[in-house]
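A.B. asks: Please construct the entire structure, taking both the sequences and the accompanying hints into account.
Going line by line, the protein sequences match chains C and A. Residue numbering for the first sequence follows numbering that gives the first Met the number 0, starting at 0 and increasing by one per position. Residue numbering for the second sequence follows numbering that gives the first Met the number 0, starting at 0 and increasing by one per position.
A few of these clues could be false.
Said to hold, decoys possible - Below 25 Å or equal to it, Euclidean Cα-Cα: the simulated SDA-like pairs (lysine to any residue) are:
hint, chain 1, residue 1, chain 2, residue 2
1, A, 412, C, 75
2, A, 307, C, 0
3, C, 111, A, 360
4, A, 412, C, 78
5, C, 111, A, 17
6, C, 97, A, 9
7, C, 97, A, 181
8, A, 412, C, 15
9, A, 17, C, 95
10, A, 412, C, 223
11, A, 307, C, 90
12, A, 412, C, 140
13, C, 16, A, 328
14, A, 412, C, 169
15, A, 307, C, 54
16, A, 412, C, 72
17, C, 111, A, 404
18, C, 97, A, 264
19, C, 97, A, 7
20, C, 97, A, 404
21, A, 412, C, 132
22, C, 97, A, 2
23, A, 5, C, 54
24, C, 116, A, 328
25, C, 97, A, 142
These are calculated hints, taken from the structure and not from any lab test.
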Amino acid sequence: MIELKNIRKAYTTEYTKLEVLKGIDMNIEHGEFLSIMGSSGSGKSTLLNIIGILDDYDSGDYRFDGELIKGLSQRQAAQYRNRLIGFVFQSFNLLSFKTALENVALPLYYQKVDRRKRQTVAMEYLDMVGLKDWAHHLPNQMSGGQQQRVAIARALISQPKVILADEPTGALDTNTSYEVMKIFREINQQGITIIVVTHEHDIANMTKRIIHLKDGLIDGSTSVATASAGS
Amino acid sequence: MLDQDKWREIFDSIRRHKLRTFLTALSVWWGIFMLVILLGAGNGLQNSFERNFRDDAVNSLWIYRGRTSEPYKGLPAGRRIRFTNDDYELVRDEIPGVEHITGRYYLGGEYVVKRGQTVLSYDVRCVHPDHQYLENTLMESGRFLNLPDIEQRRKVCAIGNVVAEEMFTAEEDPIGEYLNVKGTEYQVVGVFNDEGHESERRKIYIPITTAQRIYEGEDIVHQLMVTVGDATLEESRAIEASVRQRMSERHSFALSDKQALRIWNNISEYQDFQLIFTFIKGFIWFVGIGSIIAGVIGVSNIMLIVVKDRTREIGIRKALGATPWSIIAMVLQESVFLTSLAGYLGLLCGFGVVYGIHHFMEENQIEVEFFYNPQVDFSTVLTALLTLVFCGALAGLIPALQAVRINPVTAMK
Numbered sequence: 000m001i002e003l004k005n006i007r008k009a010y011t012t013e014y015t016k017l018e019v020l021k022g023i024d025m026n027i028e029h030g031e032f033l034s035i036m037g038s039s040g041s042g043k044s045t046l047l048n049i050i051g052i053l054d055d056y057d058s059g060d061y062r063f064d065g066e067l068i069k070g071l072s073q074r075q076a077a078q079y080r081n082r083l084i085g086f087v088f089q090s091f092n093l094l095s096f097k098t099a100l101e102n103v104a105l106p107l108y109y110q111k112v113d114r115r116k117r118q119t120v121a122m123e124y125l126d127m128v129g130l131k132d133w134a135h136h137l138p139n140q141m142s143g144g145q146q147q148r149v150a151i152a153r154a155l156i157s158q159p160k161v162i163l164a165d166e167p168t169g170a171l172d173t174n175t176s177y178e179v180m181k182i183f184r185e186i187n188q189q190g191i192t193i194i195v196v197t198h199e200h201d202i203a204n205m206t207k208r209i210i211h212l213k214d215g216l217i218d219g220s221t222s223v224a225t226a227s228a229g230s
Numbered sequence: 000m001l002d003q004d005k006w007r008e009i010f011d012s013i014r015r016h017k018l019r020t021f022l023t024a025l026s027v028w029w030g031i032f033m034l035v036i037l038l039g040a041g042n043g044l045q046n047s048f049e050r051n052f053r054d055d056a057v058n059s060l061w062i063y064r065g066r067t068s069e070p071y072k073g074l075p076a077g078r079r080i081r082f083t084n085d086d087y088e089l090v091r092d093e094i095p096g097v098e099h100i101t102g103r104y105y106l107g108g109e110y111v112v113k114r115g116q117t118v119l120s121y122d123v124r125c126v127h128p129d130h131q132y133l134e135n136t137l138m139e140s141g142r143f144l145n146l147p148d149i150e151q152r153r154k155v156c157a158i159g160n161v162v163a164e165e166m167f168t169a170e171e172d173p174i175g176e177y178l179n180v181k182g183t184e185y186q187v188v189g190v191f192n193d194e195g196h197e198s199e200r201r202k203i204y205i206p207i208t209t210a211q212r213i214y215e216g217e218d219i220v221h222q223l224m225v226t227v228g229d230a231t232l233e234e235s236r237a238i239e240a241s242v243r244q245r246m247s248e249r250h251s252f253a254l255s256d257k258q259a260l261r262i263w264n265n266i267s268e269y270q271d272f273q274l275i276f277t278f279i280k281g282f283i284w285f286v287g288i289g290s291i292i293a294g295v296i297g298v299s300n301i302m303l304i305v306v307k308d309r310t311r312e313i314g315i316r317k318a319l320g321a322t323p324w325s326i327i328a329m330v331l332q333e334s335v336f337l338t339s340l341a342g343y344l345g346l347l348c349g350f351g352v353v354y355g356i357h358h359f360m361e362e363n364q365i366e367v368e369f370f371y372n373p374q375v376d377f378s379t380v381l382t383a384l385l386t387l388v389f390c391g392a393l394a395g396l397i398p399a400l401q402a403v404r405i406n407p408v409t410a411m412k
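C.D. replies: Structural data, given as structure tokens:
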């Protein structure tokens with residue numbers, strides 16, 4: 000589903016040129032549950048941003064379902080993101096002045112779904128992550144774990160083909176982290192591809208395949224035999 | 000155009016920054032408010048001047064006698080020029096372009112007017128019948144002075160409606176009654192109104208020939224007034240010149256001696272005033288638009304801050320699929336809404352004040368010399384409103400483009 004061929008990306012300033020990705024080749028199939036591991040500065044977040052069409056790459060080919068994702072207009076990129084990809088972030092990135100329900104409904108707003116329909120659907124997804132009773136709370140009234148579940152519901156509501164999670168457990172304690180991973184596994188079992196960027200081994204071990212990234216290059220790939228989502 | 004969701008976004012944003020929004024709106028409000036007030040005051044000033052002109056015929060020349068200031072043909076300077084009925088006839092019969100003409104003779108001393116026990120003082124003007132056209136006197140009842148009054152030196156008078164109110168009771172009909180002016184009884188033949196200042200309705204007119212005989216014994220004329228039909232400014236200047244020419248011959252003074260004969264040309268005065276008001280109007284718009292621009296720049300500045308504040312939010316929205324246009328629209332709508340609403344309120348308040356003053360002055364019959372009937376016309380305001388919407392869009396444009404350039408990756412860090 001996702002094919003990366005010799006992806007390169009460098010950040011240049013007036014004085015320096017920082018090569019972040021030095022030629023990434025990668026294939027990700029439908030329904031995979033994958034983690035990208037690496038130390039900070041290994042380029043894993045940049046790679047995720049490129050896959051998420053949030054960032055451009057300098058050279059190489061990125062195909063999503065066979066379609067070349069390159070040099071898109073802002074408008075096209077926005078529409079691809081909206082329809083194909085769901086994001087989950089380390090810092091949740093919920094809109095602080097909107098309720099959980101409104102946050103979850105937001106992607107549908109950009110699909111021009113009418114308000115009543117949006118709210119009904121958003122409520123279903125909140126229910127799915129177990130937060131139906133919290134629908135009308137603001138993010139700052141919820142715990143980190145709850146906020147991340149709201150963010151997951153928001154990522155799922157547009158029925159994307161892939162969920163991209165950038166350090167989704169980075170701001171959470173161990174138990175909560177495992178709960179979030181459990182939700183990811185359940186989602187994956189419904190056939191949605193999930194890519195998690197993390198630097199925590201135990202989190203990576205809960206996925207089915209681990210890609211190691213080092214200094215902007217792929218440093219091997221491990222299959223995890225028996226995925227376990229904690230106790 | 001705007002669905003419920005967009006309104007919700009706008010109000011959300013405004014509610015989160017009440018003070019900031021309020022202060023911004025205030026600057027636009029103030030700009031428009033001041034513009035309306037200035038326009039109203041400018042129109043008040045102009046209307047008061049136009050009324051003063053309407054009181055008198057705009058197309059008139061007023062001819063005053065004076066004293067010579069230069070020696071001429073052996074005659075010394077400082078000689079007093081005197082008008083008589085012959086001068087009146089000369090101008091009437093021999094100056095081409097003269098339409099209506101009247102002489103004026105002023106009574107000296109107190110103008111004590113008596114009727115029974117009522118004793119009051121009014122301005123008495125002794126004139127020819129054509130005076131009616133020069134002063135735009137409108138008859139309410141009866142008639143103005145006429146030719147037989149002049150020829151037969153009748154003791155008749157036409158009185159202003161204020162005089163009628165004060166000298167007669169409401170049930171009485173002044174026509175046919177008598178008033179005693181400086182010891183002589185005059186029969187009232189007409190009551191008139193005048194659109195000009197209230198003092199114009201406190202006048203009594205009597206035939207000039209009657210006054211000459213009773214109070215002077217000679218056919219003295221103090222002043223001549225003529226109208227010149229629809230003559231242009233140049234034509235009126237030509238008439239002015241020919242009057243001066245004929246008078247200088249008759250009274251032997253130098254043609255260049257402006258002190259000997261003074262001529263007030265209302266056409267040229269009127270055009271001067273028109274010019275002055277064009278300048279005043281221009282100035283008002285200049286100041287008004289300046290303050291609106293200041294307001295709009297204020298809105299633009301605030302929207303820039305709003306965008307800066309919402310950088311993270313905009314980044315998130317972009318990641319979730321907000322198109323560039325939806326981001327631009329979000330910023331523009333807020334800006335246009337804010338500008339339009341504040342501007343509209345400014346319009347309403349400005350109108351309220353202008354019409355409040357107008358109403359108050361009318362209700363209490365307050366007459367201020369340089370302020371009359373202040374008003375702002377509606378099409379001006381409509382233009383102003385459309386300009387506001389446009390300005391709002393303009394104010395939001397730079398911040399909106401700023402918002403579009405936000406990179407979601409950096410914004411969400």
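A.B. asks: Please go over all the hints and tell whether each is borne out by the structure.
C.D. replies: Comparing the hints with the structure gives:
Taking the CA atoms of residue 412 of chain A and residue 75 of chain C, the gap is near 23 Å; set against the 25 Å cutoff, the hint holds. Of the pairs offered as hints, the one joining residue 307 of chain A and residue 0 of chain C is violated, with about 37 Å between alpha carbons and a cut-off of 25 Å exceeded. Between the alpha carbons of residue 111 of chain C and residue 360 of chain A the distance comes to roughly 56 Å, so the proposed pair goes past 25 Å and is violated. With a C-alpha separation of about 22 Å, the suggested pairing of residue 412 of chain A with residue 78 of chain C holds against the 25 Å cut-off.
Of the pairs offered as hints, the one joining residue 111 of chain C and residue 17 of chain A is violated, with about 29 Å between alpha carbons and a cut-off of 25 Å exceeded. A threshold of 25 Å between alpha carbons decides the hint, and for residue 97 of chain C with residue 9 of chain A the separation of about 13 Å falls inside it, so the pair holds. Taking the CA atoms of residue 97 of chain C and residue 181 of chain A, the gap is near 89 Å; set against the 25 Å cutoff, the hint is violated. Under the criterion of a C-alpha separation no larger than 25 Å, the hint pairing residue 412 of chain A with residue 15 of chain C is consistent with the structure, at around 22 Å.
For a cut-off of 25 Å, the pair hint linking residue 17 of chain A to residue 95 of chain C stands: about 17 Å separates their Cα positions. For the proposed pair residue 412 of chain A and residue 223 of chain C, the alpha carbon gap of about 31 Å is over 25 Å, so the pair is violated. Restraint check: the Cα-Cα separation between residue 307 of chain A and residue 90 of chain C comes to about 19 Å, which is no more than 25 Å; the hinted pair holds. Under the criterion of a C-alpha separation no larger than 25 Å, the hint pairing residue 412 of chain A with residue 140 of chain C is consistent with the structure, at around 22 Å.
Of the pairs offered as hints, the one joining residue 16 of chain C and residue 328 of chain A is violated, with about 36 Å between alpha carbons and a cut-off of 25 Å exceeded. As the CA atoms of residue 412 of chain A and residue 169 of chain C are separated by approximately 14 Å, the hinted pair is consistent with the 25 Å bound. Annotation: proposed proximity of residue 307 of chain A to residue 54 of chain C holds, straight-line Cα distance about 21 Å (limit 25 Å). About 23 Å separates the Cα atoms of residue 412 of chain A and residue 72 of chain C, which keeps this hinted pair within 25 Å; it holds.
Proposed proximity of residue 111 of chain C and residue 404 of chain A is supported: the alpha carbons are some 23 Å apart, at most 25 Å. For the proposed pair residue 97 of chain C and residue 264 of chain A, the alpha carbon gap of about 74 Å is over 25 Å, so the pair is violated. About 11 Å separates the Cα atoms of residue 97 of chain C and residue 7 of chain A, which keeps this hinted pair within 25 Å; it holds. Of the supplied pair hints, the one linking residue 97 of chain C and residue 404 of chain A holds, its CA atoms being roughly 24 Å apart against a limit of 25 Å.
The straight-line distance between the Cα atoms of residue 412 of chain A and residue 132 of chain C is roughly 30 Å, outside the 25 Å bound, and the hint therefore fails. Annotation: proposed proximity of residue 97 of chain C to residue 2 of chain A holds, straight-line Cα distance about 18 Å (limit 25 Å). For the suggested pair residue 5 of chain A and residue 54 of chain C, the alpha carbons sit about 28 Å apart, so the restraint of at most 25 Å is broken. With a C-alpha separation of about 23 Å, the suggested pairing of residue 116 of chain C with residue 328 of chain A holds against the 25 Å cut-off.
Distance restraint check for residue 97 of chain C and residue 142 of chain A: the Cα-Cα separation of roughly 81 Å exceeds the 25 Å cut-off, and the hinted pair is therefore not satisfied.
Violated hints, in rising order: 2, 3, 5, 7, 10, 13, 18, 21, 23 and 25; the structure is consistent with all others.
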